[in-house]
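Participant: What follows is each chain in one-letter form.
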Amino acid sequence: MSIVFWFISAITIAGALFAVILKNTVHCALALTVAFAGLALLFLGLDAQFAGFTEIMVYIGAVAILVVFAILLTRGSETPKGSVYSRYSLTGLVAAAGVFAVFGWTVLESARSFPNVQETPSATAKEIGYALVGRYVLPLEIVALLLTVATIGAVIVAMHEKEGK
Amino acid sequence: MTPLTAHLLVAALLFSIGLAGALTRRNAILVLIGIELMLNAANLNFIAFWRYGPHPEALTGMMFAIFSIAVAAAEAAVGLGLVIAIHRHLHSTDLDQMNRMKG
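Respectively, the protein sequence lines represent chains A and B.
Using this note's numbering, the first residue of the first sequence is number 5, and each one after it goes up by one.
Using this note's numbering, the first residue of the second sequence is number 42, and each one after it goes up by one.
Keep in mind that the hints were calculated from the coordinates and are not lab data.
Quantities reported herein were computed from a predicted structural model and do not represent experimental measurements.
Built from N, CA and C at the ideal position, the CB exists for glycine as well.
Please note that a few of the clues may not be correct.
[Stated by the list, open to error] Label-pair distances were calculated between CB atoms; the ranges are:
no., chain 1, residue 1, chain 2, residue 2, range
1, A, V8, B, N140, 44 to 50 Å
2, B, V112, A, K85, 33 to 39 Å
3, B, P95, A, K85, 35 to 41 Å
4, A, P119, B, M139, 43 to 49 Å
5, A, L94, B, N140, 17 to 23 Å
[Claimed, not checked] Reference listing, derived: stretches of chain A covered by chain B, where coverage requires no fewer than 3 residues with Cβ under 8 Å from a Cβ of chain B:
no., segment
6, 123-129
7, 157-165
Construct the complete structure from the given sequences, taking the supplied hints into account.
Facilitator: Encoded structure:
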């Protein structure tokens with residue numbers, strides 16, 4: 005593997021780690037943006053240009069901004085006085101470490117049987133567009149409906165309730 | 042180490058970090074951040090298998106990743122809306138205080 009891949013991976017994992025362990029919620033959101041940017045670069049390194057730029061637009065452009073808005077609206081930017089970790093954090097940490105151990109072991113055990121096609125696949129925006137309105141048109145419509153419902157639902161859930169209803 | 046193995050290991054580490062964040066933090070927004078990281082690790086797996094697997098011209102992994110990104114965006118919108126609604130109710134985003142289902 006090239007040095008570029010390891011460098012981008014290190015940035016991504018460092019961003020994810022800081023997004024999880026930092027105390028101040030705003031700093032967490034910024035670290036999360038770094039992790040998303042690293043992931044987009046990883047996608048670009050995998051010759052998936054469309055997915056990489058979608059990642060930048062959707063995650064950095066929308067999700068990270070949504071997280072920042074939620075932090076501002078909930079006054080989460082104030083660093084809490086007590087611990088930022090829950091009561092069951094040790095159990096959670098052990099569970100996450102166990103999951104990583106199982107994943108890592110599985111990947112390394114089955115590494116010999118993985119496919120390893122070297123030639124660069126072509127996935128231009130044109131081909132993806134044809135696939136989206138051809139073979140994948142039903143999932144596309146369902147996702148469009150889901151996004152509409154989710155957006156309306158999010159607005160209704162977060163809308164101010166009338167006093168006394 | 043083949044490129045696919047390296048990508049899968051990075052994705053596994055990213056997933057575990059997200060899981061640790063979702064399970065250990067008290068703030069509901071940070072739990073959502075952990076869930077987003079886990080979804081992104083899955084996307085990395087899809088793209089890596091698409092790139093190094095046979096028949097990339099079918100675009101299966103790519104499509105799965107794109108739809109997964111769309112669903113994750115919907116999830117983020119609804120999740121953060123819920124956090125804001127709960128904050129209006131409890132004046133807190135501390136998950137340890139959310140121990141009643143009664144309104």
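Participant: For the segment 157-165 of chain A, do at least 3 residues have a Cβ located nearer than 8 Å to some Cβ of chain B?
Facilitator: It holds, with 7 qualifying residues against the three required.
Participant: Verify the CB-CB distance for V112(B) and K85(A) against the hinted window 33 to 39 Å.
Facilitator: Distance hint for V112(B), K85(A) holds at roughly 37 Å.
Participant: In this structure, is the beta-carbon distance linking P119(A) and M139(B) contained in 43 to 49 Å?
Facilitator: Holds - the Cβ-Cβ distance for P119(A) and M139(B), about 45 Å, lies within 43 to 49 Å.
Participant: Evaluate the given range 44 to 50 Å for the C-beta pair formed by V8(A) and N140(B).
Facilitator: With a Cβ separation near 48 Å, V8(A) and N140(B) satisfy 44 to 50 Å, so the hint holds.
Participant: If I claimed the Cβ atoms of L94(A) and N140(B) lie 17 to 23 Å apart, would that claim hold in this structure?
Facilitator: Distance hint for L94(A), N140(B) holds at roughly 19 Å.
Participant: Cut-off 8 Å, C-beta pairs, minimum 3 residues; does the coverage of the segment 123-129 of chain A by chain B stand?
Facilitator: holds (count 3)
Participant: Quick check on a hinted range of 35 to 41 Å for P95(B) and K85(A), using CB atoms only.
Facilitator: violated (55 Å)
Checked against the numbered hints given earlier, this structure breaks only hint 3.
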